[in-house]
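There are 4 protein chains.
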Amino acid sequence: MLTTNPFDDDKLREECGIFGIWGAENAASFVALGLHALQHRGQEAAGITVFDGKHFHSHRAMGHVAGNFDRDDVMRKLPGRTAIGHVRYSTTGETALRNVQPLFADLAQGGFAVAHNGNLSNAMKLRRTLNRRGSIFQSTGDTEVIIHLVATSDRGNNLDKLTDALKQVEGAYSLVVLTDEGLVACRDPLGIRPLVMGKLGEATIFASETVALDVIGASYLRDVEPGELVLVNDTGIRSYRPFEKVAPRPCIFEHVYFSRPDSIAEGQSVYEVRKNIGAELAREAPVEADYVVPVPDSGVPAALGYSQASAIPFELGIIRSHYVGRTFIQPSQEVRHLGVKLKHNANSALVRGKRIVLVDDSIVRGTTSVKLVQMMRDAGAREVHMRIASPPTTHSCFYGVDTPERAKLLAAQMSVAAMADYINADSLAFISIEGLYRALGEERDNNQPQRCDACFTGNYPTSLTDLTEKEGAPSLSLVASR
Amino acid sequence: MLTTNPFDDDKLREECGIFGIWGAENAASFVALGLHALQHRGQEAAGITVFDGKHFHSHRAMGHVAGNFDRDDVMRKLPGRTAIGHVRYSTTGETALRNVQPLFADLAQGGFAVAHNGNLSNAMKLRRTLNRRGSIFQSTGDTEVIIHLVATSDRGNNLDKLTDALKQVEGAYSLVVLTDEGLVACRDPLGIRPLVMGKLGEATIFASETVALDVIGASYLRDVEPGELVLVNDTGIRSYRPFEKVAPRPCIFEHVYFSRPDSIAEGQSVYEVRKNIGAELAREAPVEADYVVPVPDSGVPAALGYSQASAIPFELGIIRSHYVGRTFIQPSQEVRHLGVKLKHNANSALVRGKRIVLVDDSIVRGTTSVKLVQMMRDAGAREVHMRIASPPTTHSCFYGVDTPERAKLLAAQMSVAAMADYINADSLAFISIEGLYRALGEERDNNQPQRCDACFTGNYPTSLTDLTEKEGAPSLSLVASR
Amino acid sequence: MLTTNPFDDDKLREECGIFGIWGAENAASFVALGLHALQHRGQEAAGITVFDGKHFHSHRAMGHVAGNFDRDDVMRKLPGRTAIGHVRYSTTGETALRNVQPLFADLAQGGFAVAHNGNLSNAMKLRRTLNRRGSIFQSTGDTEVIIHLVATSDRGNNLDKLTDALKQVEGAYSLVVLTDEGLVACRDPLGIRPLVMGKLGEATIFASETVALDVIGASYLRDVEPGELVLVNDTGIRSYRPFEKVAPRPCIFEHVYFSRPDSIAEGQSVYEVRKNIGAELAREAPVEADYVVPVPDSGVPAALGYSQASAIPFELGIIRSHYVGRTFIQPSQEVRHLGVKLKHNANSALVRGKRIVLVDDSIVRGTTSVKLVQMMRDAGAREVHMRIASPPTTHSCFYGVDTPERAKLLAAQMSVAAMADYINADSLAFISIEGLYRALGEERDNNQPQRCDACFTGNYPTSLTDLTEKEGAPSLSLVASR
Amino acid sequence: MLTTNPFDDDKLREECGIFGIWGAENAASFVALGLHALQHRGQEAAGITVFDGKHFHSHRAMGHVAGNFDRDDVMRKLPGRTAIGHVRYSTTGETALRNVQPLFADLAQGGFAVAHNGNLSNAMKLRRTLNRRGSIFQSTGDTEVIIHLVATSDRGNNLDKLTDALKQVEGAYSLVVLTDEGLVACRDPLGIRPLVMGKLGEATIFASETVALDVIGASYLRDVEPGELVLVNDTGIRSYRPFEKVAPRPCIFEHVYFSRPDSIAEGQSVYEVRKNIGAELAREAPVEADYVVPVPDSGVPAALGYSQASAIPFELGIIRSHYVGRTFIQPSQEVRHLGVKLKHNANSALVRGKRIVLVDDSIVRGTTSVKLVQMMRDAGAREVHMRIASPPTTHSCFYGVDTPERAKLLAAQMSVAAMADYINADSLAFISIEGLYRALGEERDNNQPQRCDACFTGNYPTSLTDLTEKEGAPSLSLVASR
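Protein chains in written order, with the UniProt record's numbering: chain L, 1 to 482; chain G, 1 to 482; chain X, 1 to 482; chain A, 1 to 482.
Accuracy of the hints is not assured; some may be wrong.
Stated by the list, open to error - Here are the simulated PhoX-like pairs of lysine-lysine, each with C-alpha atoms no more than 25 Å apart in a straight line:
(1) G:Lys199 / L:Lys343
(2) X:Lys408 / X:Lys371
(3) A:Lys199 / X:Lys343
The set of hints was computed from the structure by calculation and includes no laboratory data.
Next up, chain L with everything else stripped away, as it sits in the complex (with noise of 0.2 Å):
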C-alpha cells in the first residue's frame, strides 16, 4: 500500500487534488497527467470519470495516479471529450473504495458526478436530515451530501439544482461537476480553497495548481473566483455568481507547504513567496552561524532565502532518500530501538563541529524536529538554531486539511521557549503571523484578516456547525533562545 512515509505523519495534509476538462479528445489522458502533478495532495486514491456524449464512465482505484491511470485497459474504458478526476487521502480497502471520487449517480435528470476539494462544516447536520427523509448515502464522506441535496431539489436544470444545494452547506469546497449539461467547476464564497482556470488549443481546464497546466501544455488564463461557478460545454463559457458577495479568505497555508513550489497561487509564485518568508525569518530571528541546511525537500526554498538575507551559506546538511515514497514498517524489535534513518540521512562530513541554522516549514507535533535536531547533533554540529516558515500550529483545520486534533499540536501545548527545549534546539523560532503576510505582500487586517489562517490564529471563517473548538489560540511568544 503506497502511503506517506511516517516523518510525512508530522506534516498537515491536503486532503485532495481535483481536474477538470471539457473538449479535448481522449480527456482521459489529459486529467491523468494533470492528477499526477497534483498527486502531492493526496497519494492514496485517485478517480476519474468521464462523459461520452451518452455515457459515464469512472475508474478509481487506491494508490498512485502512475500504476493505475497509464494502464491501456483503464484508459481505454474512459473514452470522451470531458473528463474530471481528483486525488485524495483516505484508508484501504473494499470501504475506502466506495469513498474514493469522483462520486457519480444517476440522478432522474441524468448522469452527476463530482469531485471535490474542500470540508463541509455541517455535513453531518445535513446528512441527519437527509437520512430521515428517505435518502440512502453510499460513502461515509461529506461530498456526498451534495449529490443528495441536488438530487432531492426540486429546482429545474443541473446548475440551478447544484446551486440550491450549495446555498444549503457551509465550509470549504472547490468542485469540478460534469453532467450531460456540461462541466461546471465552482469555489465557496469565501474562496478557502484553491481552484484555476486554464486553456489548450480549444479546450477549458480547471485544475486545484497550476503545476497541473504547466504539465499538459495548457496556458493559466485566471482563477476561478470565491463563489463563482463556471459552466463549460459546446455553448461556450458562463459564469454565475449566486452567492451573497463576501470578503475572500483563501487559504495561506497553500503557500506554506501544500502547493508545489513551481505553482502559481492567488497570483504569486510559492516558490517566490517561500524565499520571502525565509529572508523575513533571517530578519526577524538572526543567529551566527556556519550553514544555513532545509530540511528536505519543503525547506529548501525558505531556507535559500534565509541563506541570502544572511549570507550564511546554504548546504545540503540532511540527504534525503528518495525511495521513501512507500513506508518502510520497521521489521523487528532489534532494529526499531536504533534511531533508523530511513528518509533522511546525516551529511556528517559537512555537519561536524559546525553551526547549523535548520529550516523547516512548520512545527506539527514536533516528533520530527525532535529527531532531526539528535540527528545534527549526533553528527556532530555544534549548534543547532532551528528556523520555522510559519507561525506556531495552535489549531486544527476544518477545511479540508488533515490535522490532528488540537491536543497533539506541539504549539497548542506550550510555549516557543518550551518547545525549543522540547526539541532540544539551542534556539527556535517561528515566522510572526504579521511576517508571513509581509512575505505575501500584504499587511495583515487583524479585523478582517485577508486570508484563512485560522490554523495559527483560531480565527475561523465560518462557523463550525459539526464541530466547535473549544478554546481559543494560547497567546505565545513567538521566539525563544536558551
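For this one, chain L is given, so just place chains G, X and A on it according to the hints.
The following block gives chains G, X and A in isolation, referenced to the frame of chain L:
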C-alpha cells in the same frame, strides 16, 4: 512494476548493491534496512538469504525493498543471526525471478549463497566450458558461474573452493558469500566496485556504501581492500589475500553519480567531491549568468560548488516531482506530442528573462539534456549554459554498470561543439578528466591511472574476453561555445 | 474467474440462493456452510452480512463460497449471533461487486440488510418513480428498489415499512432481511421461489433448500408459506400475513432442474419426483433400445426412472469430467474446430453398435443436444433416442431464472419433429405438461394451475409491468419420430 | 488454492499425468486440452514446454489447467509444432513452482525438457553421487536426477545420453522428453505406469490415458511398450528397445481407481473392468438388500456391476456436491463438531428404513468409510453392507502413487472383521486378489504376477534402494460378517 522514470533512462545505472551481516539477532531486519539505503543501486528486484545455524532460507522479489521486506509474513520466514542481501536491476516476470540474487545452491559440502555487485568479463566463456562438463545453469547471469566453479572445485573447504573459483574469473566483483563455515566478503584485485566494512555491537557488517551502515547506526571500520577476502564466523574475523597484488582501479563514476552524496567512498565525502567538481567546472568553464540551476537531484552538489566558486546565485529553476518512482506511461496519442513534464517542471516565475547555468552530472544519450534546455527556453530563459560534472562519456562499461552500447553514447558520436548545437545550449562544457581527478585531490597518472575511468577514456583495466571494444575514444575538445 | 462451463450455458440458471440464521454463536460460519450447499443456485458471487448486537458487518466477493468464506481473516470480521447470506450469478469487476448481495443500507432507523431470491416484474417502473423523488441507486438490480421503498416509507417500525414496501412490488421474492429488530424471512403471495425454515438447537434458520439445513445438521421445520412474513428475535418467532390471500404458484422447474436431488421441495423428494418423471416418460414415449444413458449429472434420476419402468439397462454411456467448474476457453483456431469434449466424453467401448435412449432434463437452445447426439453417433451408437424430462421450454422466465430471450428458445422456434431433425436424433420426446404434474402426484388444473409453469405454457401468474410478452406459446405436438 | 477435498485424502492419488505431441500447429493448445482431460491425475500444478524450431518456451503454474492454460497471454508465448506437458500433485508456494514439470535445462548439446509420471526408487542415492561431482540441483524431486545423468553422460547424442541415464535408474517412469533432435516417449522395462500413443492427422501424440486422445479427436494407435523408447521427428517415428527384456508388470490400480472409466487401459475398457469387479464381488460376497448405492463418483461402475449381477436395484443414496473441487475449511469451532457434509449428503427420503449395499473402490485410512456408514445410518438405513471393489490395501506404493505410510493403512493394521467393526458396517467384504485378476480376464500367476499389485500383496517388482519395506503383508481373511 516499479521502474525508473523514462528520464532516468538517460543515466548510467549501477547494477547492484550488496549487504551482509554476521552476529545479530534477526539479521534479516538489518539487511532489509541496509538494502533500503542502497535502493538507488538497484530498484527492480531484491533478495535476502539467511542461515539460522541449520538451514538456509531465502526470499526474492521483484520490486523495491519496501513493500517486500517489511512484511511480517516474509520476515518471519528469515530467522537467524547471519544474512546477506542484494538489490538489482533486471527485467520482469518469472524468468527474471530466478536471476534475482542472492543465488543459492545446495552443494555437496552444504548450502552456498552469494550476492554479487559487478560483472565478470569472461563469464560466457567459462559458462560454455562448465556446460560441456555437465553443469546445468538455472539463471542467465554471470554470477552463477562462480557457484558452478565452486561446486566443481576439488579443493577442501568452501573458502579454498571460492578462491579457486575467483582465480578463474576476470572483471569486477564485490561479493558477500554465506556458507555454514561463515560469512565471506571479497573484492576483486582491482577493487573496481566498492565494499565497506562496519561494526554494530558484536556484529560485523559489509555493504556497498557507508549509508547502509548509517541507516542501522553501525560505525564504519574500513574498506574491504582490493583483492582481499574477509571471513567472519564465531571464531573471529580473518583476512586473506590470495591474489597477486596489482595497483587498484576503483570506479571513478561512483563519485560522479552512483553513490549517495552522504556516503564516504574511498575515504572521501561524495558530497564534498561533487562540490569540488562544481568548483573546478566554474574555473574551467566560467560564464556570465544570473542563476546557477541544478538538474535535480543529482546535479545539486555540483551546482552549489559552481555557485559558491562563481558567486552566481544558486536557485531552483527546475522542480522535480516526488512521484516518479513509478514510470508513468503517457497514456494516449493526444498527450504524447505535448512536451509533458512528468518528472521535471520549470520554475517559470524565476527563470523568465534570466541567463541560466544549468548543471547536470553527465550526458549519456543526450535526450534529457535536449528536453531540459528546451524547458528552460520555454519558460523564458534568455540564455542557457550547460555545465556537466563529468567528462564526456565515450565508452561502455563492462564492470557492472548498465551503459548503452557505444554507438548510442552522444559523446562517442560528436564533438562538444556539435553536442552544444544538438542540445540547443548557448554553451556547453564538461569538466576535464584532469579536473575530475583534481576534485578528488589527485593528479591523474596517465600511464597508470589511479581509478577505472574507462567510460571517459576507454582505458579498461582488464581484458574483455567476452566482448571486444572495436574503437578507441574519439579525440574531443571539452568546451564548446557558440 | 469461476464460471459455468459453456455447455451449461444451455441450461436455465437459478439466479440466487439465500440463507439466514438467528441465535447461534458465530452465525456467519453456518451461513457459509449453508451457502456452500446452495452453491448450485449461484456460482459467481457470494456475500454474508452479520449483526453483532451493535454493528452490521458485510463481506461480499466474486467467486465461490469456498475460497472466500472459509478464510480466517474474512470470517473473523463477521462476528455475531445473527446473519444472512446470498449466492448469485453476476458479471465480473468492480461494477458487479456493488450488485452482490446482501445489500445493506444505513437507514435513519438503523441498519437494513436484505438478500433476495427472485425477480420483481415492476422494478424498473418503481425505480423511475423513486429516482424522480431523489432516491439515488447504488446497484443496477431490482432488489435495491425494496430498500428505497423501506427508506421512504412513513410507517413506524422496520416490519411495517417492509410490508408497506412489499405491497408495492409485483413478481417473485423470497427474502431474508436483517435489522436491529430481528431477522425477517418472507415469501411473495404466490410463493414462486422456495424458502424453508429449520431449527438447530436454539437457532432458527431459513434457506432456499433443505440441503442447506442438512449440511449444518439442522432439522427441517416447515416451508415459509406464500405471503408469510416470519420475524425472529430474542422475544421469539412471530408470523404475519399482511397480503391478500391468493392461490399459490410455486415454480415447477425447481423439481425439474434447479433443486438438488437430495432436497425436499414443497414437501416432496426431488430425487423421487425426477425418477417419477423418467417413469412417466417411459410410458408416454417408449422405445426399443439397448441402454438408457443419462446426460450426467442432472439427467441421472430421470434415466434411472426410465430404466426401471422400461427394463432397459441403465449404463454410463457419457462420462463427465470433474474439472469443469472452471470454463476452459478453447485456446486456438487449430483446436477449436475439433469437436472438443471438455465436459463430456463418450464411453465408446460401451456405446459402439448399440441403440441408446439418451435422457436429459431439458432443452433450452438445443446446442448441447446437438453435440451429445453427435458424440453418441461418433462413438458408434446405432440409434440415438432423446427423451427430455420436462415439456418444451417455450417461454422466458421473469421471476428470477436466467432464460435466454424467447427467440433463442429452440422450442419457441420449431415443432418437436423439427427439433428431432435439428439435433439429429432418431426420435425425440418431451414429457407432457400433464405427465409432469402426474409425476408430482397432481392433476393439472388447466384453469388455475397449481404451479408456475409459465416457461412451458406462457401462463404467467403476475402481470409483467416492465416487460411484455408479445406472443403466446406455439401449439406443439410433444413427440416426434422420424 | 485448488486442492483435493478432505474426503479425498482417504484415496490413493496418482501423482502425475503426461502428454506430448509432435507435428501440429499450435502444439501447446493440444497439450492444454490433453492435460485438462488428465487433470484427475494431478490437480495442484501444471506445465507446458514447447520447441518452436529454434527456442524452447515454458510456462508452469500452480493450480488447474483451466484458468492457467486457456489464457491468451499464456498461450501466445508457447508457439511451435512440438510440445510436452505435465499435471502433478505438489505443495504450494515459490519453492514448489521450481518442482513443477516439465523440467527444462540448457545442456551443452541444446535444450532438454522432460515430463515424468512415476517415481525412481534409487533417486536419493544417485542424487548424492551427482552432488559430490559438482551437479547443482534446482528441484527437490526425483526427475531432475535424469537430467543431470544426461548432462554428465559422455555418449554422443541426446537419445544415447538418455538411454545411458535410464540404465542407471530403477523404479517407474513413463517419460516424454523434448530436445531439438525430436520428441522421445519411453516407459520403464516393467511398464509400471501407462503411456499410450495416438495420431491426429500428421501429428503423433503420447499421453497417460486414452481420454487425452479423445478430447482432441485423435485416434489411439497402441501402447508404448514396456522398455520401449519412441523417437519422433521430421524424419519419422523410430522405436528403440535398449533394455534387457523382462516380464511387464503394469499397475493394477489404474483399473481400480486412477484411470477415468472412459479410458482404455492395457487394451481394456476401464468401465467394463470396473463393472466386472462389481459383478465378481456380488458373486464373492452376496447379501440380501433393498438397494445398491455407489459412493459417487468412483464407485458407480462397480455398483452397477453389483446391481446387475445381484438384481438388487441401483439407486443414488448419496448425492455428491459439484462444488468441492476447492477444499472448504470448516470455519469455526461451532460448526466443526457437526457432522458436516460438504461433499456427500444422504438422499434420506430414499434410504430411510432400507437395507443398503454401499459400494466403494477402496479403503485406505478408513476415515471416509466411517463417515459414509454413519451418514447412511443417520439417514435411517436399516442395514449397511460395505463392498469394496479392490483387495485390502496393505502396502505403500513407491512407483509414483501418493500412499500414506504403511502404519496408516487400515488394512495393514487389522483384519477385515476388525475393519467391519471399526467402520460400523453390518458386513464388509473386499474382492479377492484372484477375483480382481478374473475381472481383468486373467488368472493370477502367483509366482510371476502379470501386474504390479504390490499395494495389495507387498510383491514389489523392483528393489527399493532408497526405502526398505520392513514387513510383509499380514495374512487376512477377505470377508467378515457380524
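Status of each hint after checking the structure:
1. G:Lys199 / L:Lys343: holds, 22 Å
2. X:Lys408 / X:Lys371: Judged against 25 Å, a Cα distance of about 17 Å means the pair holds.
3. A:Lys199 / X:Lys343: Distance ~22 Å between Lys199 (chain A) and Lys343 (chain X) Cα, so the pair holds.
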